[in-house]
Amino acid sequence: MTESTRRLILRANAVFLILAGGGSLLMDLRAYFFGVGPSSRFIAAAPYTAIGFVEAHGLALIFGVLFAIAAVSRPWHLTAAAVHVLLGGSNILFWKIFVGGDLLAMGYVTTAFHALFVVLETAAALSAPRSPSAMELRR
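Every letter in the sequence shown is one number past the one before it in the numbering used here, and letter 30, counting from 1, is 1433.
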């Protein structure tokens, strides 16, 4: 896999996380403060759950920004894959939230993108040149 292909994967990942994480973060904040939007029924019933929604989607947004500016390297591709394992795995583990919120389409789309980026970022990491370790850099 070429460096330009790996760059494209990392930047596409960034765009996805910025849009999905940022959009979801705004929806979560609207649900908590104004009682509107897809997650409002959960947050209205248990307002303390908002912290989990806001943290998860805020961190997705932050990782998106980091992937947008990151060097195209094995460690960043592995980090990106790990982020999507966590986010996609959480979607699957807590799938009832999508069912209860009548958000199945959103669940299918976002979880599919998480799975896609796990595969793409892992492939990119495996094809990237091995980065020197910190010990090798000190020599």
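Note that these hints are calculated values from the structure, not bench results.
All C-beta atoms in this analysis are idealised placements derived from N, C-alpha and C, irrespective of residue type, glycine included.
Hints are supplied without guarantee of correctness; some may be wrong.
[Said to hold, decoys possible] Pairwise CB distance ranges (calculated):
(1) Arg1410 to Val1439: 32 to 40 Å
(2) Phe1436 to Ser1530: 20 to 28 Å
(3) Ala1515 to Leu1462: 37 to 45 Å
(4) Leu1462 to Gly1438: 23 to 31 Å
(5) Ser1530 to Glu1458: 28 to 36 Å
(6) Val1418 to Gly1492: 32 to 40 Å
(7) Val1418 to Tyr1511: 16 to 24 Å
(8) Val1522 to Ala1447: 36 to 44 Å
(9) Ala1447 to Ala1474: 13 to 21 Å
(10) Ala1526 to Val1418: 13 to 21 Å
(11) Val1488 to Ser1530: 13 to 21 Å
(12) Gly1438 to Leu1519: 21 to 29 Å
(13) Leu1429 to Met1404: 30 to 38 Å
Practice problem: Go through the numbered hints given earlier and state which of them the structure violates, listing their numbers in rising order. | Solution: When the structure is compared with the hints, numbers 2, 3, 6, 9, 12 turn out to be violated.
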